[in-house]
Amino acid sequence: MVWKTLLRHCIAQPAAPRRQDPAAVAALRQRLAAAGHEKLGRSLAIRHVAAGSCNGCELELRATQNLIYDLTQYGLSFTPSPRHADVLLITGVAGGNMIAAARQAREAMADPVLVLAMGDCAVDGGVFKGSPAIAGGAEAIMPVDLFVAGCPPEPAQIIEGLLALLEVNDILLARPVRVPR
Amino acid sequence: MKLLSSQDWQAHAGKFIALWTDAQYAYALYQPAELVATPLVEGAYPALRHKGAAWFQRLAHDGYGHNAIGAADTRPAIEHFRSADGTAPWPEFASPGGEGVHQVAVGPIHAAIIEPGHFRFSLRGEEVLKLEARLGYSHKGTLALMRGKSPRLAARFAARISGDATVAHSIAFAHAAEAALGMTPPPRAVYLRAIMAELERLANHGSDIGAIAGDAGFSFLDARFALHREVLCEAARAAFGHRLMMDMVIPGGVAGDMSSGGAAAILAALLALESELPGLTRVFEDYASLQDRVVGTGVVSPALAAAYAAGGFTGRAAGQNHDARVSPGYAPYEHFGLEVPVEQDGDVAARIRIRLAEMTESIRLIRDMLANLPDTVIAMAPPSGSGSGLGVAESFRGPVWHWLRIEAGAISDAFAADASTLQWPLVEFAAATGILADFPLINKSINASYSGVDL
Chain A
0 MVWKTLLRHC IAQPAAPRRQ DPAAVAALRQ RLAAAGHEKL GRSLAIRHVA AGSCNGCELE
60 LRATQNLIYD LTQYGLSFTP SPRHADVLLI TGVAGGNMIA AARQAREAMA DPVLVLAMGD
120 CAVDGGVFKG SPAIAGGAEA IMPVDLFVAG CPPEPAQIIE GLLALLEVND ILLARPVRVP
180 R
Chain B
0 MKLLSSQDWQ AHAGKFIALW TDAQYAYALY QPAELVATPL VEGAYPALRH KGAAWFQRLA
60 HDGYGHNAIG AADTRPAIEH FRSADGTAPW PEFASPGGEG VHQVAVGPIH AAIIEPGHFR
120 FSLRGEEVLK LEARLGYSHK GTLALMRGKS PRLAARFAAR ISGDATVAHS IAFAHAAEAA
180 LGMTPPPRAV YLRAIMAELE RLANHGSDIG AIAGDAGFSF LDARFALHRE VLCEAARAAF
240 GHRLMMDMVI PGGVAGDMSS GGAAAILAAL LALESELPGL TRVFEDYASL QDRVVGTGVV
300 SPALAAAYAA GGFTGRAAGQ NHDARVSPGY APYEHFGLEV PVEQDGDVAA RIRIRLAEMT
360 ESIRLIRDML ANLPDTVIAM APPSGSGSGL GVAESFRGPV WHWLRIEAGA ISDAFAADAS
420 TLQWPLVEFA AATGILADFP LINKSINASY SGVDL
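One line per chain: the protein sequences are A and B, in this order. Numbered by numbering that gives the first Met the number 0, the letters in the first sequence go through residues 0 to 180 in order. Numbered by numbering that gives the first Met the number 0, the letters in the second sequence go through residues 0 to 454 in order.
If you are wondering where the hints come from, they were derived from the structure by calculation, not from laboratory data. Computed from a prediction, not measured in an experiment: that's the story for all the values here. Just so it is clear, CB atoms sit at the ideal spot from N, CA and C, and this is done for glycine as well. Mixed in with the good hints there might be a few duds.
[Unchecked claim] Facing chain B, from chain A, some residues (calculated, C-beta under 10 Å): (1) C56; (2) T71; (3) E153.
[As the list claims (entries may be wrong)] Which bits of chain B does chain A cover? Going by a derived footprint, with three or more residues having C-beta under 8 Å, they are: (4) 152 to 164; (5) 177 to 188; (6) 220 to 229; (7) 348 to 355; (8) 378 to 390; (9) 409 to 420.
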């Protein structure tokens, strides 16, 4: 099946572009070239923490990795360990039971760290605003560098947000230059 | 609703679905849709002995302070007893005795992009002897937020009980509100709801099967199924304006009609999925290295599934034939002769086979419904009445139940039971049949919702 599929792809006409809008991708890549390379050397590792979401944001976050959006083409990838991460991406409200864990994840990360709050819940509590079980949005847990609104935001918006984060934030410039041994 | 004495309440037989309390009564729900209640005495009620009742009783205690007298399991559910700085002490996780038994703690933050929950494994070498899940990390106070709001307004909370089953929860909530207010939604809305629900089922079944294969190191299936999920989500957006179809189902109908190009987009997505599905199924069945990981892994025996009255593909892979679309059943499925696949093995492979069979059925259902879409209005305004109502919808992971009491147009009490509540204990049992490295496959193959039980 795998080989047949590969073969079919080799001999078939090039398929209609199944990626997101090619112009948008090109623009994003250009911006990344300008902003990302000097700061990151083309790699940015993201640690995701769900601090009280409905799992809708997680679905769209996973969708950024599919064949259409292919997040890694921009040098962005998810990492299981906060120790390897440059970005802390928070989804969901600041659920009372998750505040301590989210703070621990932040503390485990090496500075400088960019914090991105994704989805309406992480922005300000979203529809759950005012519930006694939550402390608010992600800012109730830690300072946030960028908010991406939406319920849930679409994959293209999430990628836009991640790249915007690289562009506008200079704190990563403070990172010590890595000298190859 | 039938009011029972405390003896009859405890002695009541049947397949238990859910338990909750309000200011006066404790309610218990049995298959197919039998609601019984017993009065609370000084804020307490007799504990039920049904296997699945434990989490509901813990939830009633933490949320409302109502005690289940004689309950065996009194661990906190959502109340983690935090101190002022947000930290919470770890509870005691009992470990089975024996030489070389050690514990592995995972979570609440997991390695993958998923919801939070803590898993405590007791291991001897690689063998899992026991798994204890500590949930409640996603608790947002959803049910309390529904109170005092109109059904239309509160539908936004129902849509966010579990994002992957947002359509199913919205339908169950709408059914409950419509039952409470004695109204029937227009036929076109009923069909559009079912089309959305089946699209949601297809998207989730596909991406979960892919993710299980991905966990077994088979990224080809993962990539293909994730692509189909994407195409389905985009079709949903083209047809209904939202990739997950959130907030589309409202009490009284649907929030918007299908767009003019919507049917074509959905049919194109179905055709793409249908043409590749046999090939992907063959890959799943033919590759020995993949079958080796899924066959005999994470077994939920038919006896266990029956004891918990597990719904959804988890139950149907272990001899349970329950499907809320058939029993108690709701419109418009009675017109489409739904086939419910059942298997007996109860392992990861059986759950995948059930889900593959359900996908074929969902594709057929959506096509039939689109071809027979009635031409009526899409919504009616709910009257400002009073009453209580029960609603159900079959989400991709099993039945979700909503119960509402409405007083003068505003919700005074609400409860929602996701299918996951009866499935989390099965995850714990299934994990203890294998080794630690199999847990990601077992967990994904059942895919219980965290948010859906933490509420």
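Evaluation of the provided hints:
no.: 1; hint: C56; result: 7 Å, holds
no.: 2; hint: T71; result: 12 Å, violated
no.: 3; hint: E153; result: 6 Å, holds
no.: 4; hint: 152 to 164; result: holds (count 7)
no.: 5; hint: 177 to 188; result: violated (count 0)
no.: 6; hint: 220 to 229; result: holds (count 5)
no.: 7; hint: 348 to 355; result: violated (count 0)
no.: 8; hint: 378 to 390; result: violated (count 0)
no.: 9; hint: 409 to 420; result: violated (count 0)
When the structure is compared with the earlier hints, violations turn up for hints 2, 5, 7, 8 and 9 and for no others.
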